[in-house]
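Protein chains: 2
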Amino acid sequence: MKAVVIGLGLIGGSLALNLMKNKFISTVYGIDANKEHEKEALELKLVHEIIEFDKINTCDLIFLCVPVGGIISIVKNLKNIPKTTTIIEFGSTKLSILNAVPNELKEQFILAHPMAGTEHNGPKAAFAELFKNAVCVLCNAENTSVFHQHRTIELLSNIGMKITFMNAINHDHHSAIISHLPHVISFSLANYVLECEDKKNILHLAGGSFADMSRIAKSSPAMWESIFVENKNNVLNALNGFINELENFKNMLENNEYENLNSWLKHANELKKIL
Amino acid sequence: MKAVVIGLGLIGGSLALNLMKNKFISTVYGIDANKEHEKEALELKLVHEIIEFDKINTCDLIFLCVPVGGIISIVKNLKNIPKTTTIIEFGSTKLSILNAVPNELKEQFILAHPMAGTEHNGPKAAFAELFKNAVCVLCNAENTSVFHQHRTIELLSNIGMKITFMNAINHDHHSAIISHLPHVISFSLANYVLECEDKKNILHLAGGSFADMSRIAKSSPAMWESIFVENKNNVLNALNGFINELENFKNMLENNEYENLNSWLKHANELKKIL
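These protein sequence lines map, in sequence, to chains X and Z. Residues 1 to 275, numbered by our numbering, are exactly what the first sequence covers, in order. Residues 276 to 550, numbered by our numbering, are exactly what the second sequence covers, in order.
I should point out that these hints are in silico values taken from the structure, not numbers from a laboratory. Treat the hints with care, as some may be off.
What the hints assert, rightly or not - Calculated from the model, a selection of chain Z residues having no Cβ within reach of chain X, i.e. all distances over 12 Å:
| no. | residue |
| --- | --- |
| 1 | Glu311 |
| 2 | Gly345 |
| 3 | Ile356 |
| 4 | His425 |
| 5 | Cys471 |
Unchecked claim - SDA-like, lysine to any residue: derived pairs with alpha carbons at most 20 Å apart:
| no. | chain 1 | residue 1 | chain 2 | residue 2 |
| --- | --- | --- | --- | --- |
| 6 | X | Lys2 | X | His150 |
| 7 | X | Lys2 | X | Ile51 |
| 8 | Z | Lys475 | X | Lys200 |
| 9 | Z | Lys493 | X | Ser263 |
| 10 | X | Lys232 | Z | Glu522 |
| 11 | X | Lys200 | Z | Lys437 |
| 12 | X | Lys250 | Z | Leu511 |
What you are looking at is a predicted structure, and each value in this text was computed from that prediction instead of being measured. Using N, Cα and C, we set each Cβ at its ideal position, and we do this for glycine too.
Using the sequences and the hints given, assemble the complete structure.
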């Protein structure tokens, strides 16, 4: 089989590294809007070859690993794709992508969200182990043919991912709370602290807590802008709920409600039972 | 020298382990309000012996490693402490402790804040390497005699800590922003997500981001309640500033100000230059 990975950053590059090791795949092609990234991907041996976009219909597997907005643009421009080609997108939101897929591609189009990432980006951030033991959510899988479904599941589980199923609406709702909101928070915390504090204080007082809480604020602005925009309503709802929680804490502290405050802190500790 | 560690949790227990290895210290005593913790500390060999509170004036070094409120209570009850005994407190806020120190103890009383910790607590959470390469902030060190200052600096730098100096007011202000605020956020995020989501969704969608952002929500409620209460005004100010930052993000997203949103995300990335 021949595969093409469109978008050679952290996610696409790491995927390409895994495809290069897959014995069922003879050639891994790469495409990136950034010519520098294409050059790096070749140098780092993430892919065998860089091709032009109009050559992708020669591939059995097409992976879309660009920000959500980019996936939507590409989906609308897919032409003459053979019915036996599996198209797999790795975006972080699903409903707007699902709605953009033309009817004639629905059977062969897989919406997958690998719950994996780091704060680094670009081809140099790629590493083969990124997906090892990560959950991969497949959305509205029942829309696709058994052939494309099975091929995808074999391929992704072979990379080491744990497959789970969800519909796109639920995916976007829950991702907003569990994944996108923490990113909003981390970007906001980083910006707030950078406004208030100088380098010396940050270095002296950060400890492990601030470092952990601000790590994902180093993530790709292009990728996260696209996620926030495509999942706007869910993100705003989650953010409003979170601001209410902060106001709740504020009220307890302001009004010296120590018993409630203690119960609230203990309730947060319940997370130990899950993670 | 003989040392006593009051409070045998993560911080006190880890300190005691280091004191046990110090060739200048012959005996390490321990005290904890929780009798179970005293028993555990002995079993884990964190200390040589458990003593009663009224025996602490036989020690050359007294370490206070209980929550801030507890430190303030103890400080007010210190009686007949020899002038050659160094008293070192390891609280996370400073001004309320500084204000509680009786005049007769000021020369021998050290306010130290080791910027080290994990989300675990109790004697079993203790480990000797906790302080290795951590910053230790000494507050208002100029109030203490050279003898007690030098003894403290030798001891703490010997454990592997990087010493830095700050006054208590600045410490509490900057700690509220860089350390206490991230804890408020993490406790709030954990509570909000636990209210909205079930175990399955959390496990499937968490990835590394939510895990990192919620890690410190597993920290000791007693310790953090005390910090929030003792540093109330600074914490509330920092929280209000952070809520403004969240509202700023919300407005940009709501009003489709993509250019501003992108600049704001890029600005957060500036943190890469510091941490």
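Results of checking the hints against the structure:
| no. | hint | in the structure |
| --- | --- | --- |
| 1 | Glu311 | holds, 18 Å |
| 2 | Gly345 | holds, 14 Å |
| 3 | Ile356 | holds, 30 Å |
| 4 | His425 | holds, 21 Å |
| 5 | Cys471 | violated, 5 Å |
| 6 | Lys2/X <-> His150/X | holds, 17 Å |
| 7 | Lys2/X <-> Ile51/X | holds, 12 Å |
| 8 | Lys475/Z <-> Lys200/X | violated, 42 Å |
| 9 | Lys493/Z <-> Ser263/X | holds, 13 Å |
| 10 | Lys232/X <-> Glu522/Z | holds, 14 Å |
| 11 | Lys200/X <-> Lys437/Z | holds, 13 Å |
| 12 | Lys250/X <-> Leu511/Z | holds, 7 Å |
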